Amino acid sequence: MERFTNETIDTLSLPKFEETVLSPLNINYKKIIYFNLGLTFLILATIIGVVLYFIEESRAYVIPAILAYVVLLLFSIAVNLISFRNRGFAFRDHDVIYKSGAIVLETTIIPYNRVQHVTLHEGFISRKLGLATIEIFTAGGINSDIKVPGVEKEHAEKIKQLLIGKILKQNTINE
Amino acid sequence: MNNDFSNPQRQSLIGVLIMFADTLQSAIRALFPILIVWIIKIDQMNKIYLTIGILAVFVLVAVIAYLKYINFTFYLDEENEEFVIKRGIINKSRLGIPLDKIQQVNINQSFLQKIIGVHALEVDTAGTAQKEVTIKAITHDLAQSLKSRLLEGIKTTSDNSKVETESYDTVAKHAFIQISLLSLFKTGITSNYVRSFGILLAFFITMFQYIEDFIKYAEIEDDPLDNYLRTDVILKFIMFIILAIMAMVIVVNLGRTILKFFNFRITKQNDSLLLSHGLLNTKNTIIKPEKVQIVTVGRNYFQKKLDVLDIKIRQASSQEANNQDNKKTAIEIPGCNTAEKDMLLKFLLHEIPQEGIVLKPNIRKILMQSIKFLIIPLGAYFLLANYAFTELKEYMLFLPVYILFISLVMYFGFRNSRLFVNNEFIIKQGGAWDVDKDYIAPHKIHAISVHQYFWHKGLDIGILNLYTAGGKISFGLADYTTLKQFVNYWLYQVETTNKNWM
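Listed in order, the protein sequences are those of chains A and B.
At position 143 of the first sequence the residue is numbered 142 (numbering that gives the first Met the number 0), and the sequence of numbers has no breaks.
At position 170 of the second sequence the residue is numbered 169 (numbering that gives the first Met the number 0), and the sequence of numbers has no breaks.
Be a bit skeptical, because a hint or two may be false.
Claimed, not checked - Here are the simulated lysine-lysine pairs, DSS-like style, with alpha carbons at most 30 Å apart:
| hint | chain 1 | residue 1 | chain 2 | residue 2 |
| --- | --- | --- | --- | --- |
| 1 | B | 456 | A | 29 |
| 2 | B | 287 | B | 303 |
| 3 | A | 168 | B | 483 |
Hint data in this document are derived by calculation from the structure and do not stem from the laboratory.
Note that the structure is a prediction, hence the values are computed from the model and not measured.
Turn these sequences into a full structure, and let the hints steer you where they fit.
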């Protein structure tokens, strides 16, 4: 009886996910990006320094090493900034949209009636900044899960409640 | 026939042998690196110590197997309506399965079990949280009566009509589909060329290198191979090797197919399918249509001429969802003909899917693949061959073969790549030699993602991923606007459907 038989549906009049206005991540999340970058490159610099100090033959390559390091650093900063600017999320009536990426721009959409569970977690720095990460899981495998970082704690709690409400509502409809 | 399962009982005494084989197998697996070293250094080792060592391992394994056997008991707790299994030598564990949680009970038989005349009983429970339970060695009669007793339990506790208590001997008499030996033969000689070829080629190359190493190691001054290896001889030799490999590919595939799928029977049990097959190991599998996520129908040029095709069914499981394109865990039905395929599709998907609107990939797909499989690997090869390892130049002869092979695969892959969309189904076709069609119903979709490289933005092309509980389906590069339209439509379908994905 619930067979879908509407043959001539006008696909152009359907709501368009690509036209949804996405909310950007909290600006404070940039600090976390910088912190992570800084930490990674500090460790890398330490390793290079140790190698140069202890292995004498490696000193001939000191200039290429520094050059590569700087190029990698600039590239990482650029990619991370572009990726920050590109990220955005939206919670529509029936699904959640998350957009991310720098070189590859990816948009993932999960309908609420396919959400398995939702988690909220805060890292050490994000707790200091009052931010949280929302993770939305489906049964479609780890690659299909959405992870929205850099959402204000209060906002994130509300989103989580909203999602849980939606999941519960869906379950009662199905039963 | 002993029908009283309320007292804890052990497996058949002869089951110790199965335990022994299992324990030995895991011991060998765990000690594999040490074993390799032993085998290599076998000449230098003290034979007495070696024998003692091996004997000690055997005795230890035997003792462990016996203790495992002694400590493994199962019984039916009538009061709590539970099937209980107790096991463990040092860490004892008690596993209770409520009878109404039992989905299916399968009786399987491996080669060893066939020899000593016992069966394995597998209890399949609902949900992924609990691991399935296997009793490894019980007699056929006991297995049958336990099976019917376990499934009976469900009937009394809930009116689950899915359950079939009929013994599978009687069911087997009216098979839904039976794959004949001829069909298996056809499948065997026409499938898995590429994979088997790769494995055998690797084998031959290793053998060849081993022989060369051996000659060097034996310190023979004149390498006899070098003297023989003139161009004409090399060509003849390569031709011979390739022909030999091809012949072996066919023989190996034929053997493998018949061994694995001999006497393939599909039986309909109310609303699920029971598959049973195997020459040495008999395997039973249950398929429930509502758990099926992706159905793949594949065939190559030869199979088309012979009217055989392979069906692969992916059911919902966290394992499948995560290993993406890997179809290893899929349930395979080989050697169906068109009529049987239609029957199966009708049963699994409730109708035979029609091809709807066609979407073709963009020509850029070939360009992208050429960069990935031709330009980058060849560039790396020339760079390395010129500046670092000049001995790589010896393999220059293989380059045209590689380029030809990759180009053909890319061309046919592109030509066969299609996405068909209609109201009820999404059909993705792909593959260069083996042309596979993946069928999914939109309501089985869990998440959709589209992605685009930034330099493809102006061209308006992108890639689509559909995630189901049975794995991922990818299509692209294709027209991004059309893909987005489809996405909106599928979202609409998923969000308005009452159908469950499982």
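Against the structure, the hints:
Distance hint between residue 456 of chain B and residue 29 of chain A is fulfilled; the C-alpha atoms sit about 26 Å from each other, no more than 30 Å. Restraint check for residue 287 of chain B and residue 303 of chain B: satisfied, since their Cα atoms lie roughly 28 Å apart, inside the 30 Å limit. Between residue 168 of chain A and residue 483 of chain B the CA atoms are separated by roughly 28 Å; this keeps the pair inside 30 Å, and the hint holds.
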